[in-house]
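Protein chains in written order, with our numbering: chain E, 1 to 147; chain Y, 1001 to 1654.
Please note that a few of the clues may not be correct.
Computed cross-link-like contacts, DSSO-like style, restricted to lysine-lysine with a CA-CA straight-line distance of at most 30 Å [unchecked claim]: (1) E:K111 with Y:K1122; (2) Y:K1194 with Y:K1134; (3) Y:K1488 with Y:K1129; (4) E:K111 with Y:K1157; (5) Y:K1469 with Y:K1488; (6) Y:K1253 with Y:K1220.
Simulated restraints, written as ranges between beta carbons of each label pair [to be verified]: (7) E:P34 with Y:E1079: 27 to 37 Å; (8) Y:F1446 with E:S16: 43 to 53 Å; (9) E:G112 with Y:L1484: 34 to 44 Å; (10) Y:E1079 with E:Q110: 49 to 59 Å; (11) Y:A1268 with E:M118: 26 to 36 Å; (12) Y:L1644 with E:G56: 56 to 66 Å.
Some chain E residues well away from chain Y (every beta-carbon gap over 10 Å; in silico) [what the hints assert, rightly or not]: (13) E5; (14) S22; (15) L23; (16) L46; (17) R76; (18) R103; (19) A105; (20) S106; (21) G108; (22) K111; (23) P122; (24) A139; (25) E145.
Worth flagging that the hints you see were computed from the coordinates, not collected in a lab.
It should be emphasised that the depicted structure is a prediction, and the values quoted were computed from it without experimental measurement.
Each residue gets a CB set at the ideal place from its N, CA and C atoms; glycine is no exception.
Below, each chain spelled out in residue letters.
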Amino acid sequence: MRLSEAAVGTRVRVISTHFPPSLQNRILGLGFVPGSVVEVVREAPLGDPRVYLVRGKMITLRNDEAAMIEVEPIGRQLPLSMASIGREYSVVDFMGGAFFMSRMASLGIQKGSRIRVMSKYPLIALVNGRQVRLGMGMAEKIIVEEV
Amino acid sequence: MADIVALVGNPNVGKTSLFNALTGSRQYVANWPGVTVSRKEGIRRWRGREIKFVDLPGIYSLGALSLDEKITREYIINEAPEVVVVVVDALNMEQGLYLLLEVLEMRENVMLVVNAIDEARKRGVYINKYELEKHFGVHTVLTSAVTGEGVTELLDKILHMLTSKQVHSLVEITYPEEVEDKINKIVEIIRKKKELHSYKPRWLAVKFLEGDAQVLELLKSCGIEDEISQEEHEKYRSLIASRRYEYIETVMKEAVSSKMEKMSFSEAIDHVMTHRFLGIPIFLSFMYLAFKFTFDVMAPFSELIDSGMAALGDWLRNVMGDGWATSLVVDGVIGGVGGVLVFVPNIFGMFLALGFMEEFGYLPRAAFVVDRLMYKLKLSGRSFMSLILGFGCNVPAIMSTRGIGDPRERLITILVSPFITCSARLPVYLLLVGALFRGKEAAMIFIIYLSSMVLTALSSILWNKILFKGEPVPLIMELPRYRLPTLKNLMLYVWDRGKHFLEKAGSIILIASILIWILGYFPNAGDINTSFAAHMGKALEPIFRPLGFNWKMVTALIFGMAAKEVVVSTFSMLYGFSDEAAAALHQAIAADFTPVTALAFIFFVMAYIPCFATIAAIASESGSWKWAWWSVLYSLSVAYVLALIIVVVGGMIA
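The shape of chain E in the complex, shown without the other chains (with noise of 0.2 Å):
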C-alpha cells in the first residue's frame, strides 16, 4: 500500500520509499526510513496536500510525493466509514474537534465503545448495545480497530 492511500487518522510502517535522487536524501533525513511509524494527521481543505507525523514532526506531502513511499498498516485501524458490516470494532481515536467530541460523547461514542456496523448506506451502528445512525462524514473521523 502506498503512504497516500493511507486514511487520516491511521498509523502506518514504512517498507521503501522512491523518490527521486535529488530528495531521497531529505525524505530520509525526515525520518521516512523503512521501519518508522507515520500517522496521516489531516488533509488540506482540497484533500490534496496532507499532514503526516513523523519521528514528531507535521511533514506536509502532496499525494504526488506521498505515493513514492511504501508502507504497511500497523495493526487493523481504519475510519469506521471503512470498516465491514457485521463485524466488531473497537474505537482507538476521534479526528475532530471540540464540536466534534461533545456530539460523539452524547451519542455516548467514546475511547474504547464497542462498534457494531449494521448497514452502511445510511451507516447504522451498534453502540454499546444502542443504535445510532452516522452521516458518512463524521463516520470518516472515527477511527476504529477489529476486535
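Given the structure of chain E, go ahead and fit chain Y onto it with the hints provided.
Just chain Y now, kept in the frame of chain E:
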C-alpha cells in the same frame, strides 16, 4: 582573524533566534555567490576573542543535490570552520540528531545545542545532556534562544574548543555487517589515494555506498570506479539511514523522559487554521489583513514622505530659482529619491506582517491550505502569498520571495510577479477606460485584472517548462509548532530584509530617474514636446505603428518605465492639460485613440517592462542582472504580441 563557528540544523529549530542571541545586532546578510539563498554572518567578541558565526541554511540531510544541502556541505568541507554547532529542537530532536550523525561522519570539532529547552521543560520533557554527550561524543549545551538560558555556557564551550588542542567528537556508529564490510574495503582503497587525504575516509566510503553523486565523481577522478548498481545504492542508502535512526531511538530512550500530552496547543490551533471549510476563509482573511497593513495602514507614512519631499522641492525651488540645476535637483533627484522613499513604509509594513505570520508559524499552514491551487502552475502554496502582494506593488512582492524555500520556485515567482497588476497601473487603466469605454468601466477593469492573472499563470508554466523541464516544485515542508514571535526577532527580520531595498533599489532608481529627467528636460529647457524623449518617441514610432500607437503614446511609455502611473502625467503634459483637467484630457485622448488601440495600449501597459524599482528588485533578489534583463525582454515581447493580437483581432471585428 576571527575563528569561524558554523551553525547547522533543521529548519524551524530556532537556529536563527539562537544566531541573533549569539551575535546581537552585529550581523550582516549577503547572498551565497551566484544563488538566491541568503547567508548570514555575525561577529561576537567573547572574553577577548573574536568569533565569527555563520548561519547555514536549514536542512534535513547533507546530500549533494538540493541547493541548501549542497551549500551547507560545501561550506563545511571547503571553508573548514573551526567548530560546527548542530542545533536541535528539544521537543523533537530525532531529525536534528540524524543531521548530527551526518556531520560527525564528516569531521571533528562538532558541538550539539539542544534549543527551546524552556518550552520542553514546560511541557514536562526532561533531557539528560550527559547521556547525549556520552552517546554522541560531543559537548552538549541546553539553551533557550528566547530566555537567553545557556548562551553564556555555549560561548564558553565554543571558546574551550577553540583554545584546547585536543580533537573532539570520536564516536561513530556501526552499520549492519554487510555495510561495514563494504565500508572497510572502500576505506582501504581510499587511504592509498594521497589526493583524498583532506577528507575522512569513512565519510567518503559511506557516501560512496549511498551513491552520492558528488562523491562518486570525486572518487572516479581518483581512479575509483563505481561498480555498484543503482538498486544496491538504494538498498545501502536505506540501510544506513535506518541504522542511524535506530541508534537515535536507543539514545533517546536513555536521554529523554517525557510526560508530554499528545493533543497540544499547536494541534488545537491547526485544527481550525487548516480546517476543511474554515481553512480557506481564514487564509483569505490573513491575506486581507496583511494587504491592509502593507498598503492602508502604511499609507499615511507614505503620504507624509511624499508631501515632505514635495515641500523640500518647493523650498529648494524658492532658494535656487529657476534653471536646469534646480530642475535636476528637484525633479530628478528629489523626485527620484522620493519615488523610492514612498515605497519604504509599504515594504517595512509588508515584512512586519509577513514576519509575524512566519515567526508565529502560520505561513507554512497557509501554503499548505492553498497548495492545491498552485500545484497546477508548478508552484506551491508559498508563492501564492507573494503574488497576491503584487496587486499592491510588485517590489514588496518580489522581496517577499525571500521566504520561499525552494530556489526554483523562488526564481519563477520573481520572474512572473511583474505581470500581476500593481496599483500604479490602475490610474492608466482608469484614464483610458474612462475616455473610451464609458459606462463599461467596471467590466473592463475586471477583464484587465483577470487577464493579468491568467498571464501570470501562463508565464509561470512557461518559465517552469523552459528552466526546469516542467517538473513541479515539491511540497515537503515542516509545519512547526506555533509560537509567539519575540519583538527582537521580528525587528531583526524586518530590518534584515528591508534595508536591502534601501541600499540596492535606492541607488539604481536614483540613476534611472536622473536619466529620465535628462531625456525629458533637454535640449529645450523642459519643453517636453521637443525633448529627447519626444524625439525618441518619434524615432520609435514606426516600431509601434502596427499597434496603432502615435509618438505621444510611445513617449508616455518611455516615461512609464520609471513608474507606470507616470504614463498618465506624461499624457497630461503632452496634450497640454494640467493634472486637474481630467475631462478635457479624456476628450483629447478619445480623439486620438480608437477603442481597439486603447485596449491594445492598456494591455501593453499591463505587461511591458517592469518599472525601475521592480527591475532593481528582480536583479537583487534573483542574485543576477541576467534575470532582470530576461524579465525585461520577455515582458516587452509579451506586451507587443498581446497588443498586436488585440489590434489584429479587433480590426477584423470592427
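Here is how each hint holds up against the structure:
1. E:K111 with Y:K1122: holds, 27 Å
2. Y:K1194 with Y:K1134: violated, 33 Å
3. Y:K1488 with Y:K1129: holds, 28 Å
4. E:K111 with Y:K1157: violated, 49 Å
5. Y:K1469 with Y:K1488: Between Y:K1469 and Y:K1488 the Cα gap is close to 42 Å, so the pair fails against 30 Å, i.e. violated.
6. Y:K1253 with Y:K1220: violated, 41 Å
7. E:P34 with Y:E1079: 27 to 37 Å: holds, 35 Å
8. Y:F1446 with E:S16: 43 to 53 Å: The hinted range 43 to 53 Å holds for Y:F1446 and E:S16, with Cβ atoms some 51 Å apart.
9. E:G112 with Y:L1484: 34 to 44 Å: holds, 37 Å
10. Y:E1079 with E:Q110: 49 to 59 Å: Hint holds: Cβ distance 58 Å, inside 49 to 59 Å.
11. Y:A1268 with E:M118: 26 to 36 Å: holds, 34 Å
12. Y:L1644 with E:G56: 56 to 66 Å: Between Y:L1644 and E:G56, where Cβ atoms are some 58 Å apart, the hint holds.
13. E5: holds, 18 Å
14. S22: Incorrect as stated: the minimum Cβ-Cβ distance to chain Y is 4 Å, not above 10 Å.
15. L23: violated, 6 Å
16. L46: violated, 4 Å
17. R76: Label holds. Min Cβ-Cβ 21 Å, cutoff 10 Å.
18. R103: Its Cβ never comes within 10 Å of chain Y, the nearest being 15 Å, so this holds.
19. A105: The claim holds: E:A105 sits with its nearest Cβ about 16 Å from chain Y, beyond 10 Å.
20. S106: Fine: 20 Å to the nearest Cβ keeps E:S106 off the interface.
21. G108: holds, 21 Å
22. K111: It holds; E:K111 is separated from chain Y by about 12 Å at its closest Cβ, greater than 10 Å.
23. P122: At roughly 21 Å from the nearest Cβ of chain Y, E:P122 sits farther out than 10 Å, so the non-interface label holds.
24. A139: Consistent with the label, E:A139 stays out of reach of chain Y, its closest Cβ about 15 Å off (over 10 Å).
25. E145: Fine: 17 Å to the nearest Cβ keeps E:E145 off the interface.
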